[in-house]
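Enquirer: What follows is each chain in one-letter form.
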Amino acid sequence: MDFIIIAQMVVSGALMGLVYALIAYGFQLTFSTSKSINFGQGELVMLSAFFSLTLLDWGAPFWLMVPGGLLFGVVLGLAVERAGLRLALEQKSEGWILLTIIIGLLGFSAAENIWGRDDRPFPTPISSDAMQFFGVSITPLEISVAIGVFSLMGLIELFKRKTLLGKAFEAVSADRDAAELMGISATRTVMLSYGLSGLVAAMAGILVSPITTVGPTMASALILKAFSVAVVAGLDSGFGVVVVGIFLGALESLTSFYLGSGWREAPGLILLILALAVRPNGVFGKATIRKV
Amino acid sequence: MKKTLITMLLLGMLAAPVFAAETIKIAITGPFTGGSAPMGASMRDGAKLAIAEINAGGGVSVGDKKMQFEVIERDDEAKNDRGALIAQELASMSDLSGVIGSVNTGVVLAGDKHFQEKGITKIITPAAGSASMTQWSKAGVPDLSIFRFAAHDGIQSEMVVEEAINRKFTKVAIMYDATNYGVSGRDDMLDQIKKQGNKLEVVASEKFNIGDKDMTAQLLRAKSAGAQAILIWGIGPELAAFANGMAKMEMKMPLIGGWTLSMSNFIDNATKNGNGTLMPQTFIEEPITPKVKSFIDGYHKAYNVTRIASPVSAAQGYDAVFIFAAAVKQAQSLDTRKIKEALEDLRDPVEGVITTWKHPFSKWDPANEQTHEAFRREQVVMGMVQDGRVVFGNDSDRQRLIKNASK
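So the sequence lines, in the order shown, correspond to chains A and B. Everything in the first sequence is counted per the working numbering, starting at 1 for the first residue and increasing by one. Everything in the second sequence is counted per the working numbering, starting at 1 for the first residue and increasing by one.
Heads up, some of the hints might be wrong.
Said to hold, decoys possible - FRET-style restraints, in silico, Cβ to Cβ:
#1 T54/A to K291/B: 49 to 57 Å
#2 G260/A to D395/B: 48 to 56 Å
#3 I4/A to R377/B: 21 to 29 Å
#4 P67/A to K291/B: 50 to 58 Å
#5 V305/B to G262/A: 35 to 43 Å
As the list claims (entries may be wrong) - These stretches of chain A come out as covered by chain B in the derived footprint (C-beta under 8 Å, 3 or more residues):
#6 8-14
#7 18-27
#8 115-123
#9 211-224
The hints are simulated quantities; they were obtained by calculation from the structure and are not laboratory data. In this text the structure is predicted, and so the values were computed from the model without any measurement. Note that beta-carbon positions come from the ideal geometry of N, C-alpha and C, so glycine has one too.
Whenever a hint applies, use it, and build me the whole structure from the sequences.
Expert: Here it is, written out as structure tokens:
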């Protein structure tokens with residue numbers, strides 16, 4: 001019995017952790033190319049989820065809604081890049097920090113006014129009836145989250161490694177100035193990374209909404225966790241975020257079971273402090289060597 | 001041309017106050033947008049339905065005149081600071097006869113002191129938190145202009161514990177959200193367990209936060225401790241997370257808790273997993289008597305819906321207006337203080353949709369806040385979620401209400 005409980009806690013927590021990992025991956029994509037992150041990433045998750053819900057309300061079938069929602073995420077990502085990042089980066093200023101926060105706040109109040117402040121259910125054809133695996137209950141909905149996260153991350157990693165555009169992406173990540181000298185447009189690559197990061201945010205929104213419902217505040221809890229995951233894993237390791245995400249999710253569940261539900265947030269924060277104090281580049285991050 | 005315009009404006013200014021004196025000004029406040037909106041808007045719509053009926057019948061006779069109601073609406077957005085501002089604004093109106101409303105106990109605590117200061121009569125509905133009334137008995141105010149028209153948490157927790165005992169449970173888990181509302185609900189339930197003879201053993205007591213979506217840990221603790229029922233105090237979305245989590249882990253025990261389990265954002269988010277959930281209700285949207293039927297049909301028609309978002313709030317808003325109108329009639333005055341005195345000693349029974357109200361309030365006694373509470377145990381029934389609606393949880397309640405109505 002005890003083992004089954006632990007297994008149940010670990011599995012439920014790890015599945016939630018995969019969503020943290022996916023959002024954290026969005027941070028990584030933009031950080032690798034431009035050394036910037038979108039502090040309004042949570043709002044992208046939320047806005048894409050609301051947009052997808054609206055598509056469903058208009059009568060779009062589920063399988064059409066998914067690409068529609070993802071496309072909306074890409075557009076949002078590009079809009080953030082153009083409005084908040086491009087000029088700030090060209091001028092090597094830190095203005096993007098404030099700008100991305102402001103764009104996020106704007107998105108939040110827009111959502112409140114357009115869709116209201118209520119949490120709304122997100123219909124899905126995927127069943128939420130539990131299935132038993134060795135005494136552990138898992139719903140097909142949760143499995144769909146895992147499949148969605150792994151396939152999207154896998155596709156993006158493949159794209160980065162196998163296509164010309166992807167290689168340009170890697171080149172800019174490795175050394176922006178050298179890549180520019182080789183004729184690769186850094187601006188375009190940064191655009192690409194923000195588009196992809198918007199795509200990832202939309203995917204996270206579509207995957208998690210059937211479980212958590214859609215509301216303007218849906219991402220505020222997720223985004224803090226995702227940030228912890230990104231920092232603990234290191235801002236340049238796709239493999240790292242998955243491992244850390246799963247670990248953090250499982251740890252949270254176990255903590256709230258054994259220490260009480262009030263302690264749920266503690267492990268994430270402790271991990272974040274530890275990582276920043278001991279390994280500021282992240283557990284899976286590469287230490288940067290800077291020549292002087 | 002210009003002169004006539006100015007004369008008309010001047011005339012209008014002179015005429016307006018004369019005209020305003022012909023109406024009974026009543027304010028309706030509550031959250032009409034946001035998470036508590038299902039309750040606030042239903043209360044407002046129920047109250048306005050009653051006002052429309054009274055006005056259509058000519059109004060309330062005061063002296064030799066028939067007075068119509070005039071409504072002032074204010075949306076407090078469930079925010080304490082907004083509520084306080086609105087209360088200040090309303091309390092400064094010299095010709096206001098009274099206020100009906102408030103859904104959130106926090107808003108009540110922030111705003112009602114302004115009404116009490118100016119002696120403005122207010123009927124709280126549907127906010128149920130105990131503190132809304134006990135704040136005045138604790139302060140020992142000698143005279144109070146605040147009344148409550150809702151089944152307060154004391155009655156509700158009594159019924160929740162009673163229901164668990166009636167269903168022969170011995171081990172229960174208590175879940176509560178980390179707000180004032182949740183924590184005081186837990187204390188009320190623990191109190192009631194003691195009062196009703198310690199027949200229930202609390203095997204787990206778990207807290208959750210607003211916005212939590214994953215309740216696996218809390219539920220597993222309850223499950224592994226052998227709980228047979230879950231007693232819960234929280235609001236819609238988190239309650240739904242519990243119902244969904246229980247379905248996932250195949251925990252077939254009933255969920256019993258405060259009336260918030262009838263909120264539409266619980267019912268809609270929990271869908272079929274909410275079936276069987278039990279909560280105290282002052283009104284069930286089921287046409288058991290002609291009076292109830294005409295109210296439900298009237299509401300559906302007036303607001304073009306097939307389901308009232310919060311039937312309890314709508315019915316309480318409706319009855320509160322009739323009780324207020326009866327007090328105006330008895331006082332034969334629009335003065336809010338005289339209306340207060342009439343409310344404390346209503347001589348004629350008021351036929352409402354919940355019940356026929358006989359002397360619902362009495363003279364304020366700081367030692368006993370029940371003097372300004374309208375609801376007693378017998379006006380409250382156990383409701384149960386069934387396929388997206390709230391129905392009677394126990395058939396005996398339905399029979400009792402039908403019998404009372406035919407008396």
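Enquirer: Could you run down the list of hints and mark each one as holding or not?
Expert: These are the hints, each one checked on the structure:
1. The hinted window of 49 to 57 Å between T54/A and K291/B is violated, with their beta carbons roughly 41 Å apart.
2. Between G260/A and D395/B the beta carbons are some 40 Å apart, a value that contradicts the proposed interval 48 to 56 Å.
3. Separation of I4/A from R377/B is about 43 Å and departs from the stated range, judged on CB atoms against 21 to 29 Å.
4. The hinted range of 50 to 58 Å is satisfied by P67/A and K291/B, whose Cβ atoms lie roughly 54 Å apart.
5. Distance hint check: the CB atoms of V305/B and G262/A are about 40 Å apart, consistent with the given range 35 to 43 Å.
6. Check result for the segment 8-14 of chain A against chain B: holds, 4 residues qualifying (beta carbon to beta carbon below 8 Å, three or more required).
7. Requiring three or more residues with a Cβ within less than 8 Å of a Cβ of chain B, the coverage given for the segment 18-27 of chain A is violated, as only 0 such residues are present.
8. Under a criterion of three residues with beta carbons nearer than 8 Å to beta carbons of chain B, the stated coverage of the segment 115-123 of chain A is upheld, 6 such residues being counted.
9. Only residues whose C-beta sits within less than 8 Å of a C-beta in chain B count toward coverage, and the segment 211-224 of chain A has 7 of them, enough to reach three; the restraint holds.
Going down the numbered hints, you'll see the structure goes against 1, 2, 3 and 7, while the others check out.
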